[in-house]
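Kindly produce the complete structure, drawing on both the sequences and the hints.
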Amino acid sequence: METIQFLINGFSVALQWQNLLFAFFGVLIGTAVGVLPGIGPMSGVALLIPITATLTSGLDAESAAASSIILLAGVYYGAMYGGSTTSILLNTPGESSSVVTALDGYQMAKQGRAGAALSIAAIGSFVAGIISLLGLALLAEPLSALALSFGPAEYFSLMLLGLCAVSGLAGKSITKALIMTVMGLLLATIGVDNVSGVSRFTYNFPNLYSGLEFLTVAVGLFALGEVFRTILDRDNEEGQVSKVGRILPTKQDLKDSSTPILRGSLLGFFIGVLPGAGATLASFFSYIAEKKLSKHPGKFGKGAIAGVAAPESANNGASGGAMIPLLTMGIPGSGTTAILMGALIMYNIQPGPLLFEDHPQVAWGLIASMFIGNVMLLALNMPLVKVFAKVIETPAKYLLPIIIAISIFGVYAVQFNTFDLMLLLACGVLGYYFTKYDYPVAPLVLALVLGPMIENNMRRALTASDGEFSIFVTSPVSLLFLIIGALWICIPLFLKWKGREVVINEEG
Amino acid sequence: MKRIMGVDKVSKTFDRYAGIIFLLIGALFIVESRKISASSYGSNVGPDIFPIALGIVLILLSIRLLFETFKYSGKEKKKSKPDYKRFLIILAAAVLYVNLLESLGYVITTFLFLMVSFQVMERGGWLKTIMIAAAFSFGVYYLFVEVLQGSLPGFPI
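In order, the protein sequence lines correspond to chains L and U. Numbering-wise (my numbering), the first sequence opens with residue 1 and increments by one. Numbering-wise (my numbering), the second sequence opens with residue 1001 and increments by one.
Because the hints were derived from the structure by calculation, they are not lab data. Each hint should be verified, as a subset may be incorrect.
Stated by the list, open to error - Here are the in silico distance ranges between beta carbons for each label pair:
{"no.": "1", "chain 1": "U", "residue 1": "Lys1071", "chain 2": "L", "residue 2": "Tyr433", "range": "52 to 58 Å"}
{"no.": "2", "chain 1": "U", "residue 1": "Arg1086", "chain 2": "L", "residue 2": "Val195", "range": "44 to 50 Å"}
{"no.": "3", "chain 1": "L", "residue 1": "Gly58", "chain 2": "U", "residue 2": "Lys1071", "range": "54 to 60 Å"}
{"no.": "4", "chain 1": "L", "residue 1": "Ala464", "chain 2": "U", "residue 2": "Arg1086", "range": "29 to 35 Å"}
{"no.": "5", "chain 1": "L", "residue 1": "Ile288", "chain 2": "U", "residue 2": "Tyr1084", "range": "37 to 43 Å"}
{"no.": "6", "chain 1": "U", "residue 1": "Ile1020", "chain 2": "L", "residue 2": "Ile491", "range": "53 to 59 Å"}
{"no.": "7", "chain 1": "L", "residue 1": "Ile491", "chain 2": "U", "residue 2": "Lys1071", "range": "16 to 22 Å"}
{"no.": "8", "chain 1": "U", "residue 1": "Lys1071", "chain 2": "L", "residue 2": "Phe416", "range": "44 to 50 Å"}
Owing to the predicted nature of the structure, the values given are computational and were not obtained by experimental measurement. Just so you know, even glycine gets a beta-carbon here, dropped at the ideal spot from N, CA and C.
So this is what it looks like as structure tokens:
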């Protein structure tokens, strides 16, 4: 009952006119981000943080945080919607989570059923969004109550588990993923240590006292890295955009896709809750599951509508599910949620079990706004599909330099110094080389956000235990987390060693 | 995006150099951490333990990476050569842009940067280039400074 009361309060926040506007722009920009090649949800969210910071500068801290997280989350799930459009019309997925959608979606487009595919993708995403919201509202209270019982040792192990999960699934080589994670943790130690007040690795360089700004690093590695890749690899050949055609799906289409949508939503939601696994994995698994369960598996790959409905529902379900560990425990399970977490921390709001008690306005406002955002997306996408299809044709020669200019503007508007801009460009170049040679950048950003918290919890736990490291294994909960974390790294290694294909989760 | 469809880009040389660099970074963090241990009073868990431990892990992982490079199959794939010329001009323009931003002001530097980059991406279409670059630099400045009351370096006096 209490939950319903909170949810109603959440709606009263989300229905304030400025928050409705924020949600609207969030999902609109998100859809465009999903459609445009070259920027994915992660860079999209990272690029918008500085802009929302300025937009909300007149509000008090809590409403500012609520409004900007509403916009940023809108970008996140909006991008999941938009990603399907390019998969279907161009056969080039806008996001990695829409790769499998292209298999059947493009075939449907070739048969002149692009409109039906697009609208089923929109309906599926909508249903998944609603289902994952119900899950979020139901699980939020019990999970944060559970997380409140954790001490520093348990927290340390839980965060380690989160990092292991993301590294284990992040790239082709686990070694490289772990290297990136450790690099992120090391970079996080730069600056004044907030326990002892000693400055570490700053070398009397004033810009380093507050540490490397996470926003600068994230925008550089993701947004600029991707732009540089497109410039260097001349990856902007123009494809033929298919005609959209009739938009409304037929009765048969709806009948064929209703169960896949439900299955995809549920599967996606639960995969999204797991740290490390995200939208990409969810869409792969639900496609495979649907093909196995189908009475006509031969139709898959030749334009089966279930092959569009299931993965598109799953990737949206996953983006909702991914909010759960972030909001209830303060553990982001993916690169994009790590960036959302960084945004909340910028407003001095610590995601985690206390979020629902200390800042119910932010937590429940966000949950309610996701509901409203999903309704807006459905209302936007059905009639505007043809407009978004036009966005694909934005010429790269204008788009790429403008993304660079927006990144520079965004970082400068928040940081006001040339040092961060140089750091931004350096991170862009590094981001290009890292991704090119399969060093995943998402674990680095995640580690950079989690680093200070991991260290604090480790030191608090060790101080309480008089420096005995055994505290991490004598607490049963902490031991359990450590074992799961180790398994998360070892099982993919074991599968690879046995010669199996391991599906990895890549974000753009 | 497109790259996830199983393109094998593993490059032996890059990974070797990267392994050595990460190894050196790990060593550097350990050496430098040992210098900050002095002021950890009241607790035996000082500010140096976490970075030292991470440095050790990084060294171990780098060694593992170096070992892995020996197992790569010998042939390196010929890839289409990246377009370094275009990239380096844009990067150089960006470096100039961020360093002149505070002295020349936002509008002028942004306009010039966009002009250069648009033309490097594809020559020609001058009128359209000027229009878009001007619209972006003036538009962002006006919206941010006048409408949102933000602060950006204005014009040189």
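Against the structure, the hints come out as follows:
no.: 1; hint: Lys1071/U - Tyr433/L: 52 to 58 Å; in the structure: violated (22 Å)
no.: 2; hint: Arg1086/U - Val195/L: 44 to 50 Å; in the structure: holds (47 Å)
no.: 3; hint: Gly58/L - Lys1071/U: 54 to 60 Å; in the structure: holds (58 Å)
no.: 4; hint: Ala464/L - Arg1086/U: 29 to 35 Å; in the structure: violated (57 Å)
no.: 5; hint: Ile288/L - Tyr1084/U: 37 to 43 Å; in the structure: holds (40 Å)
no.: 6; hint: Ile1020/U - Ile491/L: 53 to 59 Å; in the structure: violated (30 Å)
no.: 7; hint: Ile491/L - Lys1071/U: 16 to 22 Å; in the structure: holds (21 Å)
no.: 8; hint: Lys1071/U - Phe416/L: 44 to 50 Å; in the structure: holds (48 Å)
Of the numbered hints listed earlier, those contradicted by the structure are 1, 4 and 6.
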